[in-house]
Amino acid sequence: MTTTTPVATAGAAVSADSPRTAVGRVRKRLNSPIATAASIVIAVVWTIPTFGLLVSSFRPERQIKGNGWWNAFTDPQFTLQNYQDVLFGRSSSSGQLASYFINSLVITIPSVLFPLAFCSLAAYALAWMNFKGRDWIYISIFALQIVPLQMALVPLLSFFSRGVTLGGITLLPAWGLTGSEKYIQVWFAHTCFALPLGVFLLHNFVSQLPKDLFEAARVDGASHPRIFRTIVLPLITPSLAAFGIFQFLWVWNDLLVALIFAGGTKETAPLTVRLAELAGTRGNEWQRLTSGAFVSIVVPLIVFLSLQRYFVRGLLAGSVKG
Amino acid sequence: MAVNSRGRRALVLTSVLGLVFGAAACSGGDSGSENNASSADCAPYEQYSGHDGKTVSIYASIRDTEADLLQESWKKFEDCTGIKIDYEGSGEFEAQLQVKVDGGNAPDLAFIPQPGLLKRFADAGKLKAAPDATKASAEANYSKDWLAYSTVNGTFYGAPLGSNVKSFVWYSPKKFQEKGYTVPKTFQELMDLSDKIAAGGEKPWCAGIESGDATGWPATDWIEDLMLRTGGPDVYDKWVTHQIPFNDPAVVKAVDQAGAILKNPKYVNGGYGDVKSIATTSFQEGGLPIQDGKCYLHRQASFYANQWPQGTNVAEDGDVFAFYFPTIDPAQGEPVLAAGEFTVAFADRPEVQAVQNFLATPEYANGRAKLGNWVSGSKGLDVNNVKNPIDKLSVEILQNPKSTLRFDGSDMMPAAVGAGTFWKGMVDWINGKSTQDTLNFIEQSWK
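Keeping their order, the protein sequence lines are chains A and B. Everything in the first sequence is counted per the working numbering, starting at 1 for the first residue and increasing by one. Everything in the second sequence is counted per the working numbering, starting at 1001 for the first residue and increasing by one.
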């Protein structure tokens, strides 16, 4: 394991003598004062727009619409009105983000768990089970990443609403989902779209597990399900977490898929769909957008910050060969 | 052990999910039957009855507070007939509608604001012809001009719903009074007033055409309004249907006339800077300097009333108001540039037709108008039911027999032009490209 994760070792021992790997050398060079200064500058520049949004979200409507957020320093006027509007707005239109928050969770959690389950199973099978055409299956799954999901939207929607008919024979009837059953469509869509990248990432990781482990387990009489459960799953936790965060952020921030498969009704629409409508028919209430954006940012921030060490470690572990 | 704790975690997750679903299910089931409204109240809805428990879905681009008012406007109808109306508004309406229809998931009814889009669906055979009752009440209440926009190859597809008047110039009655300016009645007076303000060292006009991926549309409205004024309605129709090329001298004349204001550094861009700042100022903010006295005139549609910050008094004697964008040659009548939505159906189930019929009636128009913030071209609309002064003025203009009504041209052109090169061309034009070059560019794109 240690040989396959050079970054983790290099990270743990920054001041070690001359690094052996290329990644280690790059890391060493990046530790110079100039590089540090440069990265601080980049970080600041990168953060300024977000900071501006944050300041804006506390400014009164007239100020937001009248001048830039930096005027808040010379002429400080702050209010919580925007947050009040988007969180607890009285009319059904001016906010009530709270209920859409739940919709977002209901969409996101299964849309993360399903791909995690399918991808790790597929990754294991493609890496450690011997069957004919294994490489071709892997390559075609990998190649599917090239297909933009936008191309699949209409066919998939038609698959749900019309079913599958081939030459007059109905292979699959229409699903006929209404109301909150539409969640199924969104889960299905997100799971489909996540599979190619997920299988690829996890496969890279699973295939690098030492062969001896599997041979030993096989000798002891362990079946595939048992090996998967007791050996593979605990070992690939970092990359599961990494892919999990990845998928979580993508689903949470997704507008397109939700808009098409969940629709814009209150029963199923996630936060992003609500946010897009928050500005009003002609964008006249756009002062709400800043505070709305910060409300929707909260959950991804928590998820990311609490799991970010897995994120870096897991992604690199899947991609860098030692 | 690891397996055990994982299992436990999964259990917790499933129970959390269960809870969440429970909550979602609860919140979804609040539309209890309140059908015990007194029968006298429901008498006007008698003709639509017989579809109790049916659901009709409506999809449109109207959202937020306006969507609230819409839903309120058919609440009574729902209670009395038992038909449940599922309304969905989206900012991506135009693109999403296409996806929904292609994917076999079309809404029952849609409010389409572009005759061009309506025609496309009609040509593709996706739309259902309007029921006879809708047709009858539309013919009785709307002028021929309006109905022509939802008629494709002789088939009438749906009645107009709401509308807005675009031929307005916003101003501040207060500031006008302070400075002794009067509302211009002719185009010449308008230009004289602009000169007078400019002579005092101030910029009379302000404008903004930035609007995300639709940047440029406010300038196309300018051109359309001036096409109607310099060329007249007949030339306008030929222009919109491409019977005359986009770079025809008549169009050049209209664009140059608009340029006399929009590209005159003495006239624009009050409160924002030079001519080029028009391209980077958002349309929502374009007219706001009027309030601060940094600009005096802003040409924008009636719906701009919603853009003023809360607490602004929009009235003839208030903080801001609008006057009719005067015409050049009054002998040709008073051209009015307008826009609006049409209620079209993708399904012809009886309950869908009942809703469609209901929305086409003057009773609905009046009911909706009473809730505020709405304009309709319906002749059956009583002006006294309209609340806001600016909406009142719009309705008066729409109902004025002298008005020559024309629909927003860019909404009728093919999307590649009306929502593509025309917008882009206008941005280049503001940024300094010559009128002829701009029009040549747009003409080239119209195949």
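Think of the hints as simulated: they come from the structure by calculation, not from any bench. Errors might be hidden in some of the hints.
Within a straight-line C-alpha distance of at most 27 Å, the following computed BS3-like cross-link-like pairs (lysine-lysine) qualify [stated by the list, open to error]:
1. K1084/B with K266/A
2. K1276/B with K1266/B
3. K1075/B with K65/A
4. K1126/B with K1144/B
5. K1402/B with K1185/B
6. K1174/B with K1387/B
7. K65/A with K1276/B
8. K1447/B with K1238/B
9. K1266/B with K1196/B
10. K1144/B with K1119/B
11. K1175/B with K1076/B
12. K1075/B with K1175/B
13. K1054/B with K266/A
14. K1126/B with K1179/B
15. K1144/B with K1392/B
16. K65/A with K1424/B
17. K1076/B with K1379/B
18. K65/A with K1174/B
19. K1238/B with K266/A
20. K1185/B with K1266/B
21. K266/A with K1076/B
22. K65/A with K1294/B
23. K1379/B with K1119/B
24. K1135/B with K1402/B
25. K1402/B with K1238/B
26. K1175/B with K65/A
27. K1054/B with K1135/B
28. K1266/B with K1175/B
29. K1424/B with K1253/B
30. K1379/B with K1424/B
31. K1424/B with K1276/B
32. K1276/B with K1075/B
33. K65/A with K1266/B
Negatives, chain B to chain A, calculated, CB over 12 Å [as the list claims (entries may be wrong)]:
34. A1043
35. P1044
36. R1063
37. A1199
38. A1305
39. N1313
40. K1402
Each residue gets a CB set at the ideal place from its N, CA and C atoms; glycine is no exception.
Verification of the hints:
no.: 1; hint: K1084/B with K266/A; in the structure: 15 Å, holds
no.: 2; hint: K1276/B with K1266/B; in the structure: 13 Å, holds
no.: 3; hint: K1075/B with K65/A; in the structure: 34 Å, violated
no.: 4; hint: K1126/B with K1144/B; in the structure: 24 Å, holds
no.: 5; hint: K1402/B with K1185/B; in the structure: 15 Å, holds
no.: 6; hint: K1174/B with K1387/B; in the structure: 21 Å, holds
no.: 7; hint: K65/A with K1276/B; in the structure: 20 Å, holds
no.: 8; hint: K1447/B with K1238/B; in the structure: 16 Å, holds
no.: 9; hint: K1266/B with K1196/B; in the structure: 11 Å, holds
no.: 10; hint: K1144/B with K1119/B; in the structure: 17 Å, holds
no.: 11; hint: K1175/B with K1076/B; in the structure: 43 Å, violated
no.: 12; hint: K1075/B with K1175/B; in the structure: 42 Å, violated
no.: 13; hint: K1054/B with K266/A; in the structure: 19 Å, holds
no.: 14; hint: K1126/B with K1179/B; in the structure: 56 Å, violated
no.: 15; hint: K1144/B with K1392/B; in the structure: 22 Å, holds
no.: 16; hint: K65/A with K1424/B; in the structure: 25 Å, holds
no.: 17; hint: K1076/B with K1379/B; in the structure: 23 Å, holds
no.: 18; hint: K65/A with K1174/B; in the structure: 22 Å, holds
no.: 19; hint: K1238/B with K266/A; in the structure: 44 Å, violated
no.: 20; hint: K1185/B with K1266/B; in the structure: 22 Å, holds
no.: 21; hint: K266/A with K1076/B; in the structure: 21 Å, holds
no.: 22; hint: K65/A with K1294/B; in the structure: 15 Å, holds
no.: 23; hint: K1379/B with K1119/B; in the structure: 25 Å, holds
no.: 24; hint: K1135/B with K1402/B; in the structure: 25 Å, holds
no.: 25; hint: K1402/B with K1238/B; in the structure: 21 Å, holds
no.: 26; hint: K1175/B with K65/A; in the structure: 21 Å, holds
no.: 27; hint: K1054/B with K1135/B; in the structure: 23 Å, holds
no.: 28; hint: K1266/B with K1175/B; in the structure: 20 Å, holds
no.: 29; hint: K1424/B with K1253/B; in the structure: 19 Å, holds
no.: 30; hint: K1379/B with K1424/B; in the structure: 37 Å, violated
no.: 31; hint: K1424/B with K1276/B; in the structure: 14 Å, holds
no.: 32; hint: K1276/B with K1075/B; in the structure: 47 Å, violated
no.: 33; hint: K65/A with K1266/B; in the structure: 25 Å, holds
no.: 34; hint: A1043; in the structure: 29 Å, holds
no.: 35; hint: P1044; in the structure: 25 Å, holds
no.: 36; hint: R1063; in the structure: 4 Å, violated
no.: 37; hint: A1199; in the structure: 28 Å, holds
no.: 38; hint: A1305; in the structure: 9 Å, violated
no.: 39; hint: N1313; in the structure: 15 Å, holds
no.: 40; hint: K1402; in the structure: 29 Å, holds
Checked against the numbered hints given earlier, the structure breaks hints 3, 11, 12, 14, 19, 30, 32, 36 and 38 and satisfies all the rest.
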